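> Residue-level listing of the chains:
Number of protein chains: 2
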Amino acid sequence: MKVVRAEIIAIGDELLYGQIVDTNSHWISQELDLMGVKVVRKTTVGDDRKDILAAFASAEARADIILITGGLGPTQDDLTKPLMAEYFNCPIVENPAAVEAVTEFFKKRGREITPLNILQGHLPACCTYVPNEVGTAPGMWFERNGTYWMSMPGVPHEMKKLMRDFVLPKLPTLFPLPIIVHRMVKTVGIGESWLADLIREWENALPKNIRLAYLPSLGHVKLRLTGFGQDKNQIEKDIQKQIDMVLPSIEKYVYGYDDETLERAIGKLLTTSQKTVALAESCSGGYISHLITSISGSSSYFQGAVIPYHNQFKNEILQVRNETLSTFGAVSEETVGEMATGVRKLFNSDFGLASSGIAGPNGGTEEKPVGTVWIACAGEGFVETKKLQLTQDRMLNIQLTGVAVLNLLRICITEK
Amino acid sequence: MKVVRAEIIAIGDELLYGQIVDTNSHWISQELDLMGVKVVRKTTVGDDRKDILAAFASAEARADIILITGGLGPTQDDLTKPLMAEYFNCPIVENPAAVEAVTEFFKKRGREITPLNILQGHLPACCTYVPNEVGTAPGMWFERNGTYWMSMPGVPHEMKKLMRDFVLPKLPTLFPLPIIVHRMVKTVGIGESWLADLIREWENALPKNIRLAYLPSLGHVKLRLTGFGQDKNQIEKDIQKQIDMVLPSIEKYVYGYDDETLERAIGKLLTTSQKTVALAESCSGGYISHLITSISGSSSYFQGAVIPYHNQFKNEILQVRNETLSTFGAVSEETVGEMATGVRKLFNSDFGLASSGIAGPNGGTEEKPVGTVWIACAGEGFVETKKLQLTQDRMLNIQLTGVAVLNLLRICITEK
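Respectively, the protein sequence lines represent chains A and B.
As numbered in our numbering, residues 1 to 416 make up the first sequence, in order.
As numbered in our numbering, residues 417 to 832 make up the second sequence, in order.
There could be a bad hint or two in this list.
[Unchecked claim] Derived contacts from chain A toward chain B, CB cut-off under 10 Å, selection only: (1) Ala54; (2) Arg224; (3) Glu281; (4) Thr293.
[Stated by the list, open to error] In silico BS3-like cross-links for lysine-lysine, where the CA-CA straight-line distance does not exceed 25 Å: (5) B:Lys418 x A:Lys50; (6) A:Lys50 x B:Lys454; (7) B:Lys466 x A:Lys38; (8) B:Lys638 x B:Lys657; (9) A:Lys222 x A:Lys208; (10) A:Lys50 x B:Lys466; (11) A:Lys107 x A:Lys50; (12) A:Lys2 x A:Lys241; (13) B:Lys657 x B:Lys576; (14) A:Lys252 x A:Lys38; (15) B:Lys466 x A:Lys2; (16) A:Lys161 x A:Lys108; (17) B:Lys802 x B:Lys784; (18) B:Lys761 x B:Lys691; (19) B:Lys577 x A:Lys345; (20) B:Lys577 x B:Lys523; (21) A:Lys208 x A:Lys241; (22) A:Lys368 x B:Lys524.
Hints in this document: simulated from the structure, not taken from any laboratory.
Small disclaimer: the values here were computed from a predicted structure and weren't measured.
Glycine is no exception: its CB is placed at the ideal position from the N, C-alpha and C atoms.
Build the full structure now, drawing on both the sequences and the hints.
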């Protein structure tokens, strides 16, 4: 099967001057990759006639499909439409359906249409008009010598709608595409190289039609399994079989699949087991509570939290003993254990979580350098603690503490 | 003055397949724009010899300076170095300084260096070696026929360090660049169009060498003043004069200049006035405490917080009266006021802040729809409250509540 080659051209001075981030190209890349279309180049050019025409010509020489975003506004510095007409050597003419659509667009919103906006319904005679239901600039589809072109507005939600409604469904009708299935296995609490060691034999024995990728991010590693073939059901079964084979080796690190997040997985675990949680956050300063409460419905299992930034409040609000604080210090196994027990009692919750550490960049000592963090999870009849040795970076330390505390809770819910 | 034209080439399959977002190109664009260098094109190509060489050739035909990121790892699919050697027609040879640097890099971290890593110190004979202090892949600088090339690793913090330490300081020595001065005036608590209305006359009367841009983001609007000229001191004075002129109209919305953030500005206000703060976060769920404690040194003014997610704890921990809760509900001016007063007392702080609202997407009623949020700031002898009517989006509501609460605190510190 011939590889289908795509190129993306993003047009607009604002992209070159760093005023806005081009999220479109990344999104388009992902969508095409999922369908088995290979993006071979992305080009960003400014609002300049010569540069845009040069980008068109060099893309046409390489690609089967060319996706263009931006440069479609109603003003003079938006050059995409006139230059596509020039490039395809055809005049711009009134397209009655497009004029009606843009007129309707304004009418619906109770706004007066201007002559400039009416012109948005005038299109190169050689293109196919693709209605844009969520904006005023139409999509334009061109074909020449076996290469297909789609011009779309740069506004992300308009571009995405045109891609989803028109371009992505059209691709399989134009090219023979492989059938591709992706599954994501999400792990936490183990580094990439340790994980690779654990599953090396399985990885080496993967069948030829299944590809594995390690995607690490902040305390997590995602395993992406990509299967190729002719029959979607069969590929899905093949992938599931491989997951079932590898799972026993890594089960205790796996918190979910595909779009799952750690905080949502924990929400489900707590909901299913009808348990509740409360937090005492010192060094993490509210970050973990924020993660938990960012999930809709968290009020059914999140009781509350205390952020006792000073020893006085660890004692007064959470009942950490002054003797513990003075003997072992705020950053210690003993203190963090009493914090977890104390907050569990205060909020009458099933689990109590706690963090205490030196987030940095200041406050480190020889014995407890910046990045030293103690975490704890208290439950009925147990207190689990763990020491982390993190980085010099304050924000990174806060985030890594968050992942570690949530993972400790996950382990306590499943194992206790 | 001739315009200096730059191009950016990002290399790596992972960028084309949408596995990672290329944040490098955007950052480089911004930095070059600030110096008056014009980026005319950005190109992303995969790990493919022909595509990379084609990108080199077409960039050389157009640009004065070419910045290349990525493709510098030690493995075989990293092609940038051999292809630059091929393109510049010179052999790859051992560079003793580069070999020593990479050896040191491993030694310092107590790791064994591999033969593959030693090869990272072998460079094209025709390039200038640029040390990379934070990674193993060196920077490489090339010059040919008046065009300058810099190859850098794709890891963002390595690329940024090479840009900041080497490339950006070098540019003014290579090209006559215009002198450009940027100042940012940061506002909060007023929308873009209202702000524009307030300062329209001033904006229309700006001198020709000063440009104004509105940069809105989540609850903030930044005003960027860009001045052009021959004399840096004079431009700075010209800009300051304009700021002094506009300030009386917008002073109560301005929290800082240039790199200042709202949470840091508040930290400074609290430190200067030797005041402390504590928070009772209901709907914001820890997010505001996280913002405040993300600032190093916040322990000197942040006393702590309580996140009482249920009425029971609003009463038990913060002493909100049950009568208030049952009469007015949790999301009410009365409750949020008592929360602020209660948390101020609990933590013995100068200011007490509180939030209570319906973050969504569920839980709204006709009287209090999703997005209804009450916030409060209590201090010696006063309680300020404010009602917000936000959006349907949970995360956006949490973030906008955060900005509003911090802004309320800012106003209370400066006006009370």
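> For a C-alpha distance cap of 25 Å, please report whether A:Lys50 and B:Lys466 respect it.
24 Å, holds
> Is B:Lys638 within 25 Å of B:Lys657, Cα to Cα?
Within the cut-off at roughly 18 Å; holds.
> Verify the proposed pairing of B:Lys466 with A:Lys2, using a straight-line Cα cut of 25 Å.
18 Å, holds
> Tell me if the straight-line CA distance from B:Lys577 to B:Lys523 falls inside 25 Å.
21 Å, holds
> Quickly compare the C-alpha distance for A:Lys161 and A:Lys108 to 25 Å and report which way the hint goes.
19 Å, holds
> Assess, step by step, whether the Cα of A:Lys222 is no farther than 25 Å from the Cα of A:Lys208, and give holds or violated.
21 Å, holds
> How about A:Glu281: closest beta carbon in chain B under 10 Å, or not?
7 Å, holds
> Hey, B:Lys657 versus B:Lys576, does the alpha-carbon distance stay inside 25 Å?
Not satisfied, since the Cα-Cα distance of roughly 33 Å exceeds 25 Å.
> Is A:Lys50 within 25 Å of B:Lys454, Cα to Cα?
Between A:Lys50 and B:Lys454 the Cα gap is close to 16 Å, so the pair holds against 25 Å.
> Does A:Lys345 sit within 25 Å of B:Lys577, going by the straight-line distance between their CA atoms?
49 Å, violated
> With a cut-off of 25 Å on the C-alpha distance, tell me whether B:Lys466 and A:Lys38 pass.
16 Å, holds
> Taking the closest Cβ pair, is A:Arg224 under 10 Å from chain B?
Check passed: Cβ of A:Arg224 comes within 9 Å of chain B, closer than 10 Å.
In this structure, the earlier hints numbered 11, 12, 13, 14, 19 are contradicted, and the remaining ones agree with it.
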